[in-house]
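Undergrad: Here's the letter readout for the chains.
2 protein chains.
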Amino acid sequence: MEVELKQLNADLQFLSQSLPDPSHHALLDKIQLRVEELGKLAAAAPVRRSKVEDMSAEVVDSNPYSRLMALQRMGIVENYERIRDFSVAIVGIGGVGSVAAEMLTRCGIGRLLLYDYDKVELANMNRLFFRPDQVGLTKTDAAVQTLSDINPDVVLESYTLNITTVTGFETFMSSLKKKSFCPNKEGSGVDLVLSCVDNYEARMAVNQACNELSQTWMESGVSEDAVSGHIQLLIPGETACFACAPPLVVASGVDERTLKREGVCAASLPTTMGVVAGLLVQNTLKLLLGFGQVSPYLGYNSLKDFFPTMQMKPNPQCSNVACLKRQEEYMLAKPARDAAAKAKMEAEVLSTEEVPLHDDNEWNISVVDDVELDGPDTRSSDVLPEGLTHELPSADEFHEATPDAPVADNDDLEDLRRQLEAINSA
Amino acid sequence: MEVELKQLNADLQFLSQSLPDPSHHALLDKIQLRVEELGKLAAAAPVRRSKVEDMSAEVVDSNPYSRLMALQRMGIVENYERIRDFSVAIVGIGGVGSVAAEMLTRCGIGRLLLYDYDKVELANMNRLFFRPDQVGLTKTDAAVQTLSDINPDVVLESYTLNITTVTGFETFMSSLKKKSFCPNKEGSGVDLVLSCVDNYEARMAVNQACNELSQTWMESGVSEDAVSGHIQLLIPGETACFACAPPLVVASGVDERTLKREGVCAASLPTTMGVVAGLLVQNTLKLLLGFGQVSPYLGYNSLKDFFPTMQMKPNPQCSNVACLKRQEEYMLAKPARDAAAKAKMEAEVLSTEEVPLHDDNEWNISVVDDVELDGPDTRSSDVLPEGLTHELPSADEFHEATPDAPVADNDDLEDLRRQLEAINSA
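The listed protein sequences derive, respectively, from chains Y and D. Per UniProt numbering, residue 1 is the first one in the first sequence, and the count goes up by one each step. Per UniProt numbering, residue 1 is the first one in the second sequence, and the count goes up by one each step.
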């Protein structure tokens, strides 16, 4: 930019010297002033960082991935760079979806598919991500602009459409099936779908698509009064689908749109939406990179800082036909699943016996039996280097001490229903 | 911008027509091309929104505060616009502090004081907020640039200094005392200090300043392995200060800096830091605007989605002299505090009896006895409009059902110490 401005000024100088008529000089001075003004405006334009070929763990200020690759040295993630192979679809680029997209972009996700039909308004400025200068742009265009500046390594695909319309749903389905990014991938073309929409109809559309494609997805939501939210993991056939169990708040027999009135809007806070986006993407990372435990359902009540959890099995009487088909497949695959789990466990026990501890083990990282199927154990991260001590009890110790922890682990949907009915009628 | 460019082009056109020599035309064409290039670069420069005189609750797309003012209609906050009277100081503009600053800016906080001595690096890009084009700027300058574009209504003060140096600490102290923003305010010149630093020494400096000024503050932190974090409320004399009880992980007898080695860095994630910033600012809003319950301590274990809470009373043997002085004052003020609490309770019972329900009560908001001292009751937000039903039990019901919830409400610091010792020696 500065170079261009310098050359332009040099040209004008040269022109000025070669013009004999003083009347031209006045005009040239005016032009020079205008160029200066334009230069000032242009100086505020963003500069982009260049693409990075490989993720490096080198600890230098110029490495945008050093703090992420450090997760390997800390014993949290086995192979962080795998993140570049994953595709995540985000439906709804609002207060939660846009922040989720930014987090995944900064984490260096391989590919992001963004879906929204709305435009940026000043009324969105009370949530993170969008800027006042983006007002009037579609949310997808504005997001691509911001995200590509933050991390040019991420492949961004934007779909400006409404998935609840017939053509919108068709485009949504075909975009999820497209496998050009990772041709050898099993199943659909994406690894996970994140639902960040604000209405029941759109959630049901995501549910329908994911049930049809046997696509694992995560649901998220924030209450109308802005002070609570939740995330939920949905694996077709294995967990309850969105039609199996009702959401936090349902429109019972009333068209949802009639509940929205002229001059009335839902409240929202950047805090609640930021927390929900953070919990959503943290569970996404745990699921994709295989560390920690992925929460089946996690609520956030901000007034009391209370985080309810629970599990929901699929409903054998679910109204969604695709869900019933996935349930049947899941039941039929049980023997194969059990055999694979057993073989994996045996292989891991064997490999643990063979591998010696690293000689220069500065972070005290030890290999731990990975017996649980839902992710590696976290004990390795609890080991601290010499000179450091743990001040607080770990979650394990808390759980052991309190067998009656408030975790509603309801295997039986009927049980849950009865509890809810009792509460609602109270 | 477009207007300036148009005028410049018109001037060049006029000059071109008035020049008789064709050799000048070639030069002018070159200038015209350069102007076009410059125009393209300038087109990417941000446009700013203008200041807003009063916070309006009007539901129009152009109102940046409509979704926040809706918190009043939803019965969550009594007077949202009070937020414009508050000053918050944020120490450390890193992965947590910068996001906290953005959240408070988007909420329309009155004044933000920002402290940091560091510069933006590409290695910071795995966390939210800073952009690659800001590399090389001080974090305070980059933050002011971004925040003033997002919300020009917020008064921003930036201090590029290290609070652990003698002169840095003095400037920090005097900036907290300055009362020009709100001359009639009691105590210091700020309403809250948020500590978002990444080392023990800086936390002890914030602790010292707040103990000396009797300043309420909140502490935040994220673990070196990036997968856990915490926030803590510190009220000098009333709760444990940072020197009363050890932090999550302490350097025992070792200089913290010797633990950091060449080529080794801490891991960090935008998710964990985003969640911690969200919990921190949510509790800030609850404290300043008087809704919900402010958590004395809230942990976040992301591997298990576990959120431990506890309370810590001050240590009568604390090594910090200013803390002991605040403890003494707090004890002496007990009779006055009890009398004031009693008077407030009586006044509120009286006013509740007098105020009738609003005739046009479309959101079913009812006035609830505000007997608890730590904020209004939340029951009002649990009342839903017709056609909506609650699907999940509320936190109250969970708590009532599970008296053995994992909340370590240790009134006695000695008890806590014994528990920790038992755990550490296990």
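It is worth saying that the hints were derived from the structure and are not from the lab. Nothing here was measured: the structure is a model prediction, and the numbers come from that model. Some hints could be false.
Put simply, identical chains are the same to the list, so a pair is met inside one copy or across any two.
Cut-off 20 Å, straight-line C-alpha distance, at most; resulting in silico cross-link-like pairs (SDA-like, lysine to any residue) [stated by the list, open to error]:
no. : residue 1 : residue 2
1   : LYS51     : VAL135
2   : LYS51     : GLN293
3   : LYS325    : GLU186
4   : LYS177    : VAL166
5   : LYS342    : SER56
6   : LYS304    : LEU289
7   : LYS304    : GLY290
8   : LYS30     : ASP11
9   : LYS30     : ALA340
10  : LYS334    : PRO20
11  : LYS313    : ASN79
12  : LYS6      : GLU37
13  : LYS344    : LEU15
14  : LYS51     : GLU121
15  : LYS51     : GLU37
16  : LYS51     : LEU350
17  : LYS177    : LYS342
18  : LYS178    : VAL60
19  : LYS344    : LEU288
20  : LYS178    : GLY110
21  : LYS6      : LEU28
22  : LYS178    : LEU324
23  : LYS40     : ASP133
24  : LYS30     : ASP133
25  : LYS179    : CYS265
Undergrad: If a hint holds in the structure, say so; if it does not, say that too.
TA: Hints versus structure:
In this homomeric assembly, LYS51 and VAL135 come within 20 Å of each other (Cα to Cα) only across copies, at 16 Å, whereas the closest approach inside a single copy is 28 Å. For the identical chains of this complex, LYS51 and GLN293 are neighbours neither inside a copy (32 Å) nor across copies (46 Å), given an alpha-carbon limit of 20 Å. In this assembly of identical chains, the alpha carbons of LYS325 and GLU186 lie at most 20 Å apart only when taken from the same copy (19 Å versus 66 Å across copies). Taking the closest pair of Cα atoms, LYS177 and VAL166 come within 20 Å of each other only inside a single copy of the chain (17 Å); across copies the shortest separation is 61 Å, beyond that limit.
When the C-alpha separation of LYS342 and SER56 is checked against a cutoff of 20 Å, the pair qualifies neither within a copy, at 35 Å, nor between copies, at 62 Å. Proximity of LYS304 to LEU289 under the C-alpha cut-off of 20 Å is restricted to the inter-copy arrangement: shortest distance 15 Å between copies versus 32 Å within a copy. Taking the shortest alpha-carbon separations for LYS304 and GLY290, only the inter-copy value of 13 Å comes in at or below 20 Å, while the best intra-copy value is 31 Å. With identical chains, the CA atoms of LYS30 and ASP11 are at most 20 Å apart both within one copy (15 Å) and between copies (8 Å).
In this assembly of identical chains, LYS30 and ALA340 lie within 20 Å of each other by CA distance neither inside one copy nor across copies; the values are 78 Å within and 70 Å between. In this assembly of identical chains, the alpha carbons of LYS334 and PRO20 never lie at most 20 Å apart, being 92 Å within a copy and 89 Å across copies at closest. In this homomeric assembly, LYS313 and ASN79 never come within 20 Å of each other (Cα to Cα): the closest approach is 31 Å inside a single copy and 43 Å across copies. Within a single copy, LYS6 and GLU37 get their C-alpha atoms as close as 14 Å, and across copies as close as 13 Å, so both meet the 20 Å cut-off.
In this assembly of identical chains, LYS344 and LEU15 lie within 20 Å of each other by CA distance neither inside one copy nor across copies; the values are 77 Å within and 79 Å between. In this assembly of identical chains, the alpha carbons of LYS51 and GLU121 lie at most 20 Å apart only when taken from different copies (16 Å versus 31 Å within one copy). For a Cα distance limit of 20 Å, the shortest separation of LYS51 from GLU37 qualifies neither inside one copy, at 32 Å, nor across copies, at 23 Å. In this assembly of identical chains, the alpha carbons of LYS51 and LEU350 never lie at most 20 Å apart, being 41 Å within a copy and 66 Å across copies at closest.
Taking the shortest Cα distances, LYS177 and LYS342 never come within 20 Å of each other, neither inside one copy (32 Å) nor across copies (65 Å). Proximity of LYS178 to VAL60 under the C-alpha cut-off of 20 Å is found in neither arrangement, the shortest distances being 37 Å within a copy and 39 Å between copies. In this assembly of identical chains, LYS344 and LEU288 lie within 20 Å of each other by CA distance solely inside one copy; the values are 18 Å within and 53 Å between copies. Proximity of LYS178 and GLY110 under a CA criterion of 20 Å is satisfied intra-copy only: 15 Å inside one chain copy versus 49 Å between copies.
Proximity of LYS6 to LEU28 under the C-alpha cut-off of 20 Å is found in both arrangements, the shortest distances being 16 Å within a copy and 16 Å between copies. For the identical chains of this complex, LYS178 and LEU324 are neighbours neither inside a copy (25 Å) nor across copies (66 Å), given an alpha-carbon limit of 20 Å. Taking identical chains as interchangeable, the C-alpha atoms of LYS40 and ASP133 lie at most 20 Å apart whether they share a chain (17 Å) or sit on different chains (16 Å). When the C-alpha separation of LYS30 and ASP133 is checked against a cutoff of 20 Å, the pair qualifies neither within a copy, at 29 Å, nor between copies, at 31 Å.
Taking CA atoms no more than 20 Å apart as the test, LYS179 paired with CYS265 passes in neither setting, with 40 Å inside one copy and 37 Å between copies.
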